[in-house]
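K.L.:
Chains as they are written, first to last, in the numbering used here: chain X, 24 to 333; chain A, 206 to 588.
Don't take every hint at face value.
Covered, in the sense of this in silico footprint (three residues per stretch, anywhere, with C-beta under 8 Å from a C-beta of chain A), are these stretches of chain X [stated by the list, open to error]:
id: 1; stretch: 45 to 55
id: 2; stretch: 66 to 78
id: 3; stretch: 135 to 143
id: 4; stretch: 152 to 161
BS3-like, lysine-lysine: derived pairs with alpha carbons at most 30 Å apart [what the hints assert, rightly or not]:
id: 5; chain 1: X; residue 1: K67; chain 2: A; residue 2: K279
id: 6; chain 1: X; residue 1: K305; chain 2: A; residue 2: K452
id: 7; chain 1: A; residue 1: K333; chain 2: X; residue 2: K100
id: 8; chain 1: X; residue 1: K55; chain 2: A; residue 2: K333
id: 9; chain 1: A; residue 1: K557; chain 2: A; residue 2: K452
id: 10; chain 1: X; residue 1: K67; chain 2: A; residue 2: K333
Some chain X residues well away from chain A (every beta-carbon gap over 12 Å; in silico) [what the hints assert, rightly or not]:
id: 11; residue: F31
id: 12; residue: N81
id: 13; residue: I86
id: 14; residue: G168
id: 15; residue: T219
id: 16; residue: I225
id: 17; residue: S253
id: 18; residue: G317
Just so you know, the hints here were simulated from the structure itself, not pulled from any lab data. Note that the Cβ used here is the ideal one computed from N, Cα and C, for glycine as well.
Residue strings, one per chain:
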Amino acid sequence: MELFIFPFKSMGCPCELRIYAGQKHQAQLAAKACMDEATRFEQKYSRYLDSSAATEINRSAGIKPVEIDAETYAILKYAGVCYEQSNGLFDISSGVLRHVWHTQRSELPSEDEILRHLNLVGWEKVELSDQNIFLPISGMELDFGGIVKEYAADAIAALARTMSIRHGLVNLGGDISIIGPQVNNRPWPIGIVHPTIADTAISVIHLANGALATSGGYERYVEIAGKRYSHLINPQTGWPVESLLSVSVVAEQAVVAGSVSSIALLQGEQLGLNWLSTIGLKYLAIDADLHCNGAVGRDSFSSGSPVAHE
Amino acid sequence: MKIKSKSSHLLALTSAALSMPAFSAAQPVETEISVRTSLYKEENVPADNIIFGDDVRYDIDIHQFSLLTPVGEKWSLGFNAARESMSGASPWGTVADADGAATLIMSGATISESRKEFSLSTQRYFNKSSLGIEVSRSKENDYEADAIVLSTEWDSDNKLSTLTLGMSYSKDKITPTDAILFGRVLEKEKTSQSYSLGWTQILDKTSVLQSGIRVTKHSGYLTDPYKLRDARPDERLEWSVNFRYRKFIESTNAALHTNYRYYEDSYKVRSHTVETAWYQNIAGNFQLAPNLRYYSQRKASFYLPIDDYTLPLTTNQSSDYRLSTFGAFTVGLKAIYNQPTWAVSFSVENYKSRGKYSLTNAETEHPALLSFSLASIGFDFRF
Numbered sequence: 024m025e026l027f028i029f030p031f032k033s034m035g036c037p038c039e040l041r042i043y044a045g046q047k048h049q050a051q052l053a054a055k056a057c058m059d060e061a062t063r064f065e066q067k068y069s070r071y072l073d074s075s076a077a078t079e080i081n082r083s084a085g086i087k088p089v090e091i092d093a094e095t096y097a098i099l100k101y102a103g104v105c106y107e108q109s110n111g112l113f114d115i116s117s118g119v120l121r122h123v124w125h126t127q128r129s130e131l132p133s134e135d136e137i138l139r140h141l142n143l144v145g146w147e148k149v150e151l152s153d154q155n156i157f158l159p160i161s162g163m164e165l166d167f168g169g170i171v172k173e174y175a176a177d178a179i180a181a182l183a184r185t186m187s188i189r190h191g192l193v194n195l196g197g198d199i200s201i202i203g204p205q206v207n208n209r210p211w212p213i214g215i216v217h218p219t220i221a222d223t224a225i226s227v228i229h230l231a232n233g234a235l236a237t238s239g240g241y242e243r244y245v246e247i248a249g250k251r252y253s254h255l256i257n258p259q260t261g262w263p264v265e266s267l268l269s270v271s272v273v274a275e276q277a278v279v280a281g282s283v284s285s286i287a288l289l290q291g292e293q294l295g296l297n298w299l300s301t302i303g304l305k306y307l308a309i310d311a312d313l314h315c316n317g318a319v320g321r322d323s324f325s326s327g328s329p330v331a332h333e
Numbered sequence: 206m207k208i209k210s211k212s213s214h215l216l217a218l219t220s221a222a223l224s225m226p227a228f229s230a231a232q233p234v235e236t237e238i239s240v241r242t243s244l245y246k247e248e249n250v251p252a253d254n255i256i257f258g259d260d261v262r263y264d265i266d267i268h269q270f271s272l273l274t275p276v277g278e279k280w281s282l283g284f285n286a287a288r289e290s291m292s293g294a295s296p297w298g299t300v301a302d303a304d305g306a307a308t309l310i311m312s313g314a315t316i317s318e319s320r321k322e323f324s325l326s327t328q329r330y331f332n333k334s335s336l337g338i339e340v341s342r343s344k345e346n347d348y349e350a351d352a353i354v355l356s357t358e359w360d361s362d363n364k365l366s367t368l369t370l371g372m373s374y375s376k377d378k379i380t381p382t383d384a385i386l387f388g389r390v391l392e393k394e395k396t397s398q399s400y401s402l403g404w405t406q407i408l409d410k411t412s413v414l415q416s417g418i419r420v421t422k423h424s425g426y427l428t429d430p431y432k433l434r435d436a437r438p439d440e441r442l443e444w445s446v447n448f449r450y451r452k453f454i455e456s457t458n459a460a461l462h463t464n465y466r467y468y469e470d471s472y473k474v475r476s477h478t479v480e481t482a483w484y485q486n487i488a489g490n491f492q493l494a495p496n497l498r499y500y501s502q503r504k505a506s507f508y509l510p511i512d513d514y515t516l517p518l519t520t521n522q523s524s525d526y527r528l529s530t531f532g533a534f535t536v537g538l539k540a541i542y543n544q545p546t547w548a549v550s551f552s553v554e555n556y557k558s559r560g561k562y563s564l565t566n567a568e569t570e571h572p573a574l575l576s577f578s579l580a581s582i583g584f585d586f587r588f
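In isolation and in its complexed conformation, chain A is listed as follows:
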C-alpha cells in the first residue's frame, strides 16, 4: 500500500483535529497583567535651524498598565491605563531666512503637560468566533477624546484561516491653551470613523500570512491650532493595506517577521513602510530580536516649506514636518526573558528621519524633521 507524501498528512490531520470543540477555547485561560515604562526622547533641533524659540524638543515618559482576565468560560474583560508626561518645545511655524531657506519658529520649552488614557473592553467567545467591544477615554489639559471600537473574529472550519472585522468611532475635542493670548480657536471638534478587514492564513506548520485593509475618515477641525499659519481641509480620507508574514525557521530556532504597509490619503500623502525583525531563541527561555524599519512619505498637496502669510486664511496650507516629504530609518533591539508565570522584556529603538531618505525627491528638507530614541522595560505576569 502506497500512501501519499508526508507532512500533508500531518497538516490534514492537525487541521481536522483543531476543528474539534476541545481546541476551540481561544479565550484567555488566565489573568494577564502587563506593566511597561518607556522613555521617549526627541533629538534637539540644530540651533542653526531656529530663528526663534527653544531647541529642546519633546521628552515623554510613558507608563502603561494592562489587565486581561477571563470571566466564566465565554467572556473576558480587559482594562488598560496609560499616562504620559511630556515636556519640551514644538515647532510653531517656518519663515524664510536670509538665504530663502526655511527656518523654524519654535515654542518656548515651557510646554509641560500630561495625557491620561483609560480603556475598558470585553469579549464574548463563541465556538468559532468572538465579538468584542472597547470604550476608551483620553484626556490632556487641552484635548479630550472618546472612542468606541467593535470587533469580530471568525475562524474557518479547519482553523487555518481567520477573518477579522473592526469598526471604530471617536470624537475629539480640542481647547487650545492661551487661546485668547495668541488668537487661537477656543474650542473645536473632530470625529473619526474607521473600518478594517483582516485575513490571517496559516500557510503551513511554520508560516502564517496576515493581510488587512483599513479605511478611516476624519471630519471636523483637522488644523493644528498651535501653528502660526495652518489650514487643512476639514475632511481627511485615509486608506491603507498591510501584509505581515511570519516564518519560523526550525534549523536556527528563530522566527522571521516581515511587514509591509501602503498608505494613501485625500491630502495626497502617500507612504510605504517595510519592516523586518528576527526573533532568535537562545537557551530555551531567552529571546533576542533585532529589527529594522524603513518609512518613505510623499508630502501633502498643500504642504508649504515656508508659511505663506499672503495667502487668504481659508486657503489650505501647512508647514507641519509630518506632512512633508521625508524618509526614516528605525533600528531596534528587543530582549525577552520568559518564565512560565512571568516575563520581562527590554527594548531600545532609534529613529532618524531625513528628506533625502524618501523615495520621492524632497526638494527642500523640513528643518524640524524628527529623530528620537525610545527605551522601554516591561513586565508580564500570568496567574
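Isolated chain X, as found in the complex:
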C-alpha cells in the first residue's frame, strides 16, 4: 500500500487528506468524495456565502423562523450542549462581537457600544425546534465555524471509512480526524504549531485513532494603545479574554476535541488549565510564557508531519 497526499483548501483553511491505498485511482476516488463533502459543508454553513443555510438563518433574524434539516438540527443541538456545559461561554451567537473588536480599531469601544452588541448575543434567546430555528432579534447572527469545521473532519473520516479506506487522516485547517492508523498500525505523528514561530512545531503528538483539535488566540488580534486584544471574546462581558496561547485536545471525535479546547481558552489561563486537567482527555496547553502544560507527547518535531494550526 502506498501513501497518497491530497492538499486542498476549504472553509478558508489549508486542508489535507492522507490516504493509504493499494492503487492510485482508489485513493483518488476516495479523495474526490471527501473533498466534495468538505465543499458541501462549506456551502451549507459559511456565513460568507449568500446561498448558505447559515446565511438564510442570519438573514431571517427578527423576521421569521427558518426551516432546518436533520443535520443542521443535530449541529445546533450540539451547540446548545456546548453552551450549557460551558455555562454560556461557548455561544455560537457571539459572532456579532467581532464587529466591536474589528482589526481596524484604534481606540477602545465604549461600554454603550459593547452593551448594544451584547443585546444581540445569547443562545438562550434562540428558538430552536427540530423543524425550525428563529433568531428573535434583528441583527442576531449564528457562526457555525466553531463546530462545523471539526464536525466536517469527523464526517469526512467516516465517509472515507465507508469507502474502504482503512489507513489515513483528514486535516481541516489543523482539526484532525484519524481514519485509521498508518499501515503496520503505526500512529500518525502530528505537529502542533508553535504559537509565535511560523511553520514550526512546538510539539509532536502521535495518534493512531481518534481526533485532535487545536484552538488558539494568538493569530488574530487587534492592537489598541500598545495592548493586544485577542479575537476570543467573552460573550457575557463582551471583552476579549486573556488566555492560553493555544490548546490542543485529543478526543474520540474532532468535534468534541474542538469544543473542549475552545471552552478551555474562553475561561482564561488558570480556569482553562483547571478545566483541562479535570475533563479526562489528553491535551497540550501553551501559556503566555510558551510553557507546555498537559499530558500529550513532547517528542521533537519530525519533518514531513502534517502540522496542526488554528
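Model the placement of chain A on the given structure of chain X, informed by the hints.
P.N.:
Chain A in isolation, oriented as in the chain X frame:
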C-alpha cells in the same frame, strides 16, 4: 466563573456529538470473513456405570465459516455455514443395577453422522435503527430444521441506550434412523417460536450494562425418539432473563465481563448461570482472557433416575441427564492476536458437571453426566 464537575462535561459533549449524523454509520464498513475449527470431546462414561453398550461418547469436529459485507451504504449481507461431524455413543436409557442404583444402557459407538447448517441474512440500516432478517437451514441424516429470525434495533437520541427486539420461528422434522428395527416413531415435527427484548445502556465512558428477556414456546414432538423409554409434554414454555456487565479498567488495561442468566420452563427445570471473564490487553495487540462459568440446574418434574417400564406410555417420564439435577463448572482460556486487517484467536475450555455441584440437592446423580473439552482456533479477516 465556576464550571461544574469534570467528566460529566465530557459525557454530555460526547453523547450530544454521537447523535450527529456522521456518527450514526453503524453498518459494517468492510467485508469480514471468519473461519473457525473446533474440536469437542466428551469424556468417556466410567465403565462401571454401563450395563450395556459403549463407553465412548461423542467427539465432534466443527467447522464454521462466516462472511459479512456491506452492500451500498444502507445494507449488509451475511452468510454463515457450519459443518459438524460426530461420532460416538449416546445414552439410550437407565435401569437399576443390583444395588438399585441407576446404570446406563448406551448405544453402540457406531453412531457417525454429520450436520450441515447454512444461513443467509440481510440488514437495513436507518439513521437511528436497523432491521434484519435471517433464514437458516440445518440438516442431518435424521433431522431437518428451518428457521427465520426477524430483529430490530433502536438507538436513543443520545446513543447511550439501544433497544433490541427479536422474533424467531423454526420448524423441525425428525425421522429417526432404524425406526422400524427399534420400533421408533417414523417421522415427527416440532415448531418453536421465540421472542426477545433487550436493553443496552452505556453507563459511563468505561462500562456498559446489557439486559434482556426471552420467551420461547416449543410445540409438537419433544420426546427423544432414541431413548428406550421417553415421553415428554408436547408443549414446553421457556423464559429467561439475563444481565451482562462490561467494565474497562484503565489502570490495568483490562476489561471485566460478568454475566448472569436465570432460566425457567414449564417442565419445571430451573437454572442459574454466572460467568466472569477477564480480558487482559498485553503489548498493544495481544489479548489473554481467562473465564469461569458456573451452572446450576433443578430437574424437570417428570425426570426419573431409572426408566419406569410399568408406567403407561402416555405418562410423562424421562431419564435424560439434561433434565436431571446437576451443576457444572467451566474453565477456559482464550488468546487473541490482533492486526489491523486480520486476527487469530485460540481458545480451550473444560466443562465438568456433577450432581453435587447443583444448588439443589440431587439425591441421585445421573450416571451419564457430561464432561467435555473444547478447543478451537479461528481466523478473522477484514478488507
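K.L.:
Take the hints in turn and mark each one as holding or not.
P.N.:
Hint-by-hint comparison with the structure:
1. 45 to 55: violated (count 0)
2. 66 to 78: Since three or more residues must qualify, the claim that chain A covers the stretch 66 to 78 of chain X is violated, with 0 doing so at under 8 Å.
3. 135 to 143: violated (count 0)
4. 152 to 161: violated (count 0)
5. X:K67 with A:K279: holds, 24 Å
6. X:K305 with A:K452: Answer holds: K305 of chain X to K452 of chain A is near 21 Å, not above 30 Å.
7. A:K333 with X:K100: At roughly 16 Å apart (the allowed maximum being 30 Å), K100 of chain X and K333 of chain A satisfy the hint.
8. X:K55 with A:K333: holds, 28 Å
9. A:K557 with A:K452: holds, 28 Å
10. X:K67 with A:K333: This hinted pair holds, its Cα atoms lying about 23 Å apart.
11. F31: holds, 19 Å
12. N81: Nearest chain A Cβ is 21 Å from N81 of chain X, so the label holds.
13. I86: At about 28 Å from chain A, I86 of chain X clears the 12 Å cut-off, so the statement holds.
14. G168: holds, 16 Å
15. T219: holds, 27 Å
16. I225: holds, 25 Å
17. S253: The assertion about S253 of chain X holds, with a minimum of 17 Å to chain A.
18. G317: holds, 15 Å
Hint violations for this structure: numbers 1, 2, 3 and 4, all remaining hints satisfied.
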